[in-house]
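Participant: Each chain, written out:
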Amino acid sequence: MNEASRCLAAVPFLCLAGFLANGLLGRRLGRNGGAAVGVAAAIASFLFSIPVAREVFSTGEAVKVDLFAWIDVADLQVKFAFLCDRLSVIMLLIVTGVGSLIHLYSAGYMAHDASVPRYFSYLNLFMFSMLLLVLGDNLLLMFVGWEGVGLCSYLLIGFWFEDPEKAYAGRKAFIVNRIGDFGFALGLFAIFMVFHSFDYETIRANLGDSNIRGRLLSTFELGIPFVDVKMSLVCAITLALFLGATGKSAQIPLYVWLPDAMAGPTPVSALIHAATMVTSGIYMVCRLSHLFVMAPPTMDIIAGVGGATAVFAALMALAQNDIKKVLAYSTVSQLGLMFLALGTGGFSAGFFHVFTHAFFKALLFLGAGSVIHALSGEQDLRRMGGLKDRLPATFATMLIGTVAIAGIPPFAGFFSKDEILWRAWEGYLTGRNIGHGLILGLLGSFASALTAFYMFRLLTLAFLGAPRGSAEAHSHAHESPWTMTLPLTILAICSVAAGFLNVPHALHGSAHFSAWLQPVVAAWPEIATAAQASHHGAEIGLMTVSTLIAFGGSGFALWIYLKRPGLPAEVIQKSPGLGRVYAVIRDKFYIDEAYDRIVVRPVKLTAFTLWIFVDVLIIDTLINVAALIAEVISEAARRLQDGAVGTYAVWFLAGAMLLLGYFLFVLGAA
Amino acid sequence: MQLGVVENLSFLTPEILLTVTLGAVIALDIGGPKDRKGLVARLAATGLGATLLMVILTYFELETKQRARVFLFADSFVVDPFSMFFKLVAGVCSFMIALFAAKVRRIESQGEGEFYTLLLVTTLGIFLMAGVTDLVGMVVAIETLSIPSYILAGFYKRDRGSSEASLKYVLYGATASGSMLFGLAFLYGLSGTTSFQGISAAIASGRADVLSISLMLGLVLIGLGFKISAAPFHMWTPDVYEGSPTAVTAYLSTASKAGGFAILIRLFYSILARPEVASRPEGQWIPIGDPGWTTLVAVIAVVTMTIGNLAAYKQTNVKRLLAYSSIAHAGYILLGFVVMHGSGLMAMLFYIATYVFMNLGAFLCVIAVSEAGGGEEISDFRGLGWRAPFLGFCMAAFLFSLTGLPPLAGFVGKVYLFAALVEHGWVWLSVVAALNSAVSLYYYVRVVKTMYLEGIPRRAGDVVPLRIGSHFGIMLFVCLVPTILFGIYWQPLARLATWSVGASAPVEARPVAAHK
Amino acid sequence: MPVANLEWFLLIGAFLFATGVFTILTRKNAVSVLMGVELVLNSANINLVAFSRFVRSPATLGPTSIEFPLQGEAAHHVYGAAWIGGNVFAAFVIILAAAEAAVALAIILGIYRNLGDVDVDEVTAMKG
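Read top to bottom, the protein sequences are chains A, B and C. Residues in the first sequence are numbered from 21 upward in steps of one, following our numbering. Residues in the second sequence are numbered from 26 upward in steps of one, following our numbering. Residues in the third sequence are numbered from 22 upward in steps of one, following our numbering.
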């Protein structure tokens with residue numbers, strides 16, 4: 021075991037140690053001690069991941085470490101081992117790097133909270149689970165991490181559990197994620213049935229096996245009455261896994277929990293619900309990309325769901341007034357764009373957006389947190405405004421983040437989004453698959469235009485113009501302490517610089533990032549990859565259009581909200597049609613209500629009916645009878661045990677007689 | 026394996042160290058300074074810790090020297106991985122008990138010198154029980170455990186409950202060992218020898234009649250059934266466990282039981298069974314003569330666990346509830362006994378090792394609560410989850426582990442037991458056992474419910490914290506770690522148990538040596 | 022004069038055992054119960070000594086030449102008293118019985134001090 025693997029082994033366990041220290045000794049450590057331990061654990065894990073990253077980047081080979089044989093039962097053999105390859109090293113750096121910054125930020129943000137050690141113990145536990153998820157060398161370990169991050173997310177959303185609404189948000193996240201996890205677990209079992217292994221390496225190696233290929237591609241009837249639908253096994257597996265991804269990465273139809281998850285402390289939203297956990301669905305699809313590309317229908321579904329989510333969530337972000345809700349819908353939308361890329365085979369494009377998004381979205385959330393902190397908990401954009409001079413550092417960094425996410429060159433978001441849009445439009449521009457490409461391309465571009473608009477709306481409403489809140493609150497607003505502005509600054513720098521890692525060939529760049537990931541993700545469809553090289557002209561054209569769209573969206577937002585702040589209301593007043601559309605968007609398309617009508621209420625009604633008929637009438641009766649019997653026997657046993665030595669002696673003798681009688685008569689007769 | 030006497034004795038280091046500690050404790054208690062508060066406790070704990078270390082070292086020595094077993098004292102005592110496993114378990118129990126008894130005020134005021142002397146003697150008794158292969162040695166070992174236990178049960182001299190416990194214990198125990206001795210005398214008479222392997226050889230050569238031997242083993246089963254509190258010889262258990270000092274109860278329900286199981290396995294498996302392939306004790310075993318006794322033990326197991334679980338149903342005292350629970354667990358552990366396969370024995374060992382931690386932990390919680398001023402009734406545990414969060418969490422973990430819920434050690438132990446049963450055709454038995462665990466959920470959860478869902482503080486300020494002190498906190502943590510760890514990563518323990526069963530037949534006999 | 026053979030001793034042992042069990046079952050006084058226990062233990066002792074007298078050790082003879090049932094006094098003289106396992110066993114049992122009795126009596130004394138009574142059927146504070 022060399023130095024890099026030793027470091028790799030240490031990384032997750034440092035966070036675990038932090039969790040244990042804070043969880044067990046929290047009361048002793050106190051506020052400052054708890055925060056110090058939590059931050060130190062995160063930073064230490066980042067420092068330990070540097071040698072690992074250096075090793076991976078210099079050799080291009082994966083760093084592995086086998087810790088122990090975890091499960092060894094007959095057919096099922098699972099190692100507890102970590103694998104840091106070209107894909108996971110990026111996640112490792114995001115999780116530990118951004119994670120450390122957010123830990124540091126939290127130390128300032130949560131300084132006044134009553135239960136700092138509990139907060140940091142959850143946060144460290146989250147880091148540990150997330151690292152298991154990305155570093156595990158098999159799907160089972162990933163699943164453990166997957167459930168672990170879900171648990172931590174639930175605990176942190178409901179961190180202020182005294183507030184019933186926040187506790188409800190926590191439960192909602194938990195239940196929605198259970199649905200996704202069910203799909204994920206189903207996919208895992210199916211994979212084990214086919215491959216007899218959970219190892220990524222074994223799975224990938226065995227994909228070439230003709231036997232296994234045949235099994236994967238074999239089709240089966242879905243068994244839906246009257247409809248003759250056939251599906252290949254691999255299609256079913258990947259769809260089940262994708263269901264898991266929609267849960268964790270907040271895609272249609274399971275996105276509903278993420279906006280509510282903003283009930284948690286803001287740094288948590290930044291770390292878990294923007295930068296890391298929600299991208300684990302994308303990580304999982306990239307990890308198993310070779311399996312996914314065997315099922316083109318699944319890929320189309322992923323692209324479609326991603327594109328639809330991107331536009332849908334962006335529309336909802338337009339009409340939100342809660343600063344965190346805007347960012348939450350923006351996250352859902354950006355995740356949609358990532359899935360759009362994955363679905364069109366742009367695994368490295370999607371993953372690159374994960375990378376850049378981690379920086380600017382964490383930055384935006386932390387900036388929003390800084391604003392909320394300064395305004396003592398105010399989250400409504402309508403009561404902000406004019407904070408530019410009060411919070412100069414926050415404003416400057418937020419501006420960078422906004423420009424980056426809007427896709428304005430040369431900030432990070434431009435490069436990552438450009439790659440995605442090219443993937444989406446590719447079918448149309450190369451004439452390979454015109455209809456498909458046109459739909460996905462339009463969805464992608466429309467979503468980017470909306471992104472630029474709602475982000476500049478947020479920035480303008482919060483920082484520019486005249487203050488709309490109470491004068492008192494405004495005058496109390498003060499810049500946050502260094503523990504909060506330092507992470508903002510670092511993230512802002514990254515948001516500017518990260519894009520240059522993947523300057524496309526069309527701009528005479530070298531597309532480092534794509535080249536880096538190329539050995540570990542699938543190249544699909546092969547024509548598309550080749551096409552990119554020969555369509556530089558089209559790509560540059562697309563870039564220009566995208567840039568114009570980004571500027572247009574941003575400028576439009578600035579113009580409306582600075583010069584004509586009354587315009588939206590006027591338009592809505594004048595045209596009742598548009599007003600109705602606005603209302604629909606503002607109320608989030610009534611999706612929550614629809615879920616309530618379509619899913620929650622029928623389930624409750626069915627549950628009630630079942631409860632009355634099955635539970636109360638049948639099962640309860642059975643259970644009551646069983647309980648009665650148990651009680652009678654229990655009572656009899658208790659009576660027997662009357663405490664008198666004489667009784668015990670009688671039973672002793674009776675037992676002895678029975679024992680000896682058994683031997684004499686039963687065995688003697690035989 | 027013929028070795029020099031001195032070299033052989035090196036395998037007895039744990040027992041020797043234990044005896045030396047015992048002498049030192051007595052000497053210190055009699056001749057030590059008057060003002061020696063806690064000194065005896067520290068000495069005893071140190072001695073037990075060192076003994077534990079020696080047990081581990083001897084364990085390693087057996088492994089590194091590839092030595093399956095070492096016979097001592099004219100073949101009446103054996104040092105093999107099987108016995109070392111039980112010594113390890115019992116040593117851990119005694120060590121833990123010694124550590125946490127040190128902070129029990131009442132033991133201190135009653136004379137800790139006596140307490141630790143008796144504790145060390147019982148530990149020595151269990152160590153002997155683990156390794157003995159001779160009827161005489163067996164009786165001596167069992168009584169070395171029993172007699173001090175009677176005194177320990179009545180250690181609170183002025184306490185009515187404690188005296189009652191010790192009276193019931195001694196009368197029941199003496200009767201049981203009398204019956205056992207009667208059976209042992211006949212075993213000797215029927216086979217003409219007192220060594221386990223000799224009796225087995227006598228059956229094999231047809232000198233002794235299997236039926237008569239079985240009948241007398243039935244009498245022996247009474248004595249051992251008493252020790253492990255198997256039905257119908259369990260009736261002393263709830264009363265004694267409730268009345269004894271809780272530290273003693275914890276000891277009786279873990280270490281003492283483990284010793285009983287050790288000798289039960291060795292006695293029955295070496296006399297009434299042999300491995301199918303002589304060199305593979307981890308495989309199938311064949312009963313000698315009629316296999317009917319396995320059915321008998323199966324019935325005993327079922328009755329034991331059912332009575333234990335059902336009687337626990339309506340208990341209101343936590344100690345008494347845990348007493349019934351420990352009866353039920355004796356039933357679960359006996360399941361591995363009937364399988365007649367190495368996997369069953371391995372499951373027993375695994376279960377005993379995990380059971381020891383969770384049960385010890387649960388009793389430790391009871392001690393910690395009553396030392397902090399709480400009581401032993403379930404109602405005294407109201408709102409404990411809020412008043413003492415760590416203790417509440419630990420207690421919940423121990424109880425859930427006793428129920429057998431994943432991801433805790435008790436779950437893995439049950440899986441091994443049930444898997445061994447199903448694999449060898451005892452499906453009905455595993456179904457009954459699974460039903461029993463389902464029943465047990467009810468009364469375990471009742472305690473957890475009382476701790477968390479009753480007496481919930483309305484506001485944060487309403488919580489009246491129950492301070493248990495760092496000493497108990499650390500000890501709880503020590504029990505908690507294996508309870509959780511073996512539920513997630515149980516491979517090392519499973520390997521240890523497998524090796525302990527498989528390295529040498531615990532049991533299988535060496536041919537009878539000719540006496541010179 | 023009839024030769025005393027093994028069966029006679031075993032019968033005495035069994036009789037003692039039964040008496041002991043009967044005493045344990047019927048007596049309410051803890052000391053009497055203890056006496057019953059002593060009878061049971063001593064019945065085992067009688068058996069042990071008797072077996073030691075009459076049973077030849079397979080070890081002294083080697084595994085092949087033994088037949089069952091046991092043989093009488095004459096055989097014992099022929100093979101000598103090399104095998105005294107039963108006697109040793111009995112000696113141990115006597116010691117253990119003494120220890121047990123001492124402890125039990127002390128415990129009964131404690132009960133008497135705390136409850137003022139040694140009737141075992143009255144000591145029922147714990148039950149159920």
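Worth flagging that the hints you see were computed from the coordinates, not collected in a lab. Ideal Cβ placement from N, Cα and C applies to all residues, glycine included. There could be a bad hint or two in this list.
Claimed, not checked - Quick list of simulated restraints, FRET-style, between CB atoms:
1) B/SER404 <-> A/ALA614: 45 to 53 Å
2) C/ALA39 <-> B/ILE499: 50 to 58 Å
3) B/ILE499 <-> C/LEU126: 17 to 25 Å
4) B/ILE311 <-> A/LEU637: 48 to 56 Å
5) A/PHE609 <-> B/ILE481: 37 to 45 Å
6) A/ASP640 <-> B/GLY450: 29 to 37 Å
7) A/ASP92 <-> B/ILE481: 52 to 60 Å
8) A/VAL620 <-> B/GLY450: 41 to 49 Å
9) A/SER78 <-> B/PRO517: 29 to 37 Å
10) B/ILE81 <-> C/ALA127: 34 to 42 Å
11) A/ILE199 <-> B/ILE499: 53 to 61 Å
Participant: All hints, please: hold or fail.
Facilitator: Now for the hints, and whether the structure bears them out:
no., hint, result
1, B/SER404 <-> A/ALA614: 45 to 53 Å, "48 Å, holds"
2, C/ALA39 <-> B/ILE499: 50 to 58 Å, "54 Å, holds"
3, B/ILE499 <-> C/LEU126: 17 to 25 Å, "41 Å, violated"
4, B/ILE311 <-> A/LEU637: 48 to 56 Å, "52 Å, holds"
5, A/PHE609 <-> B/ILE481: 37 to 45 Å, "39 Å, holds"
6, A/ASP640 <-> B/GLY450: 29 to 37 Å, "36 Å, holds"
7, A/ASP92 <-> B/ILE481: 52 to 60 Å, "43 Å, violated"
8, A/VAL620 <-> B/GLY450: 41 to 49 Å, "48 Å, holds"
9, A/SER78 <-> B/PRO517: 29 to 37 Å, "36 Å, holds"
10, B/ILE81 <-> C/ALA127: 34 to 42 Å, "37 Å, holds"
11, A/ILE199 <-> B/ILE499: 53 to 61 Å, "42 Å, violated"
When the structure is compared with the earlier hints, violations turn up for hints 3, 7 and 11 and for no others.
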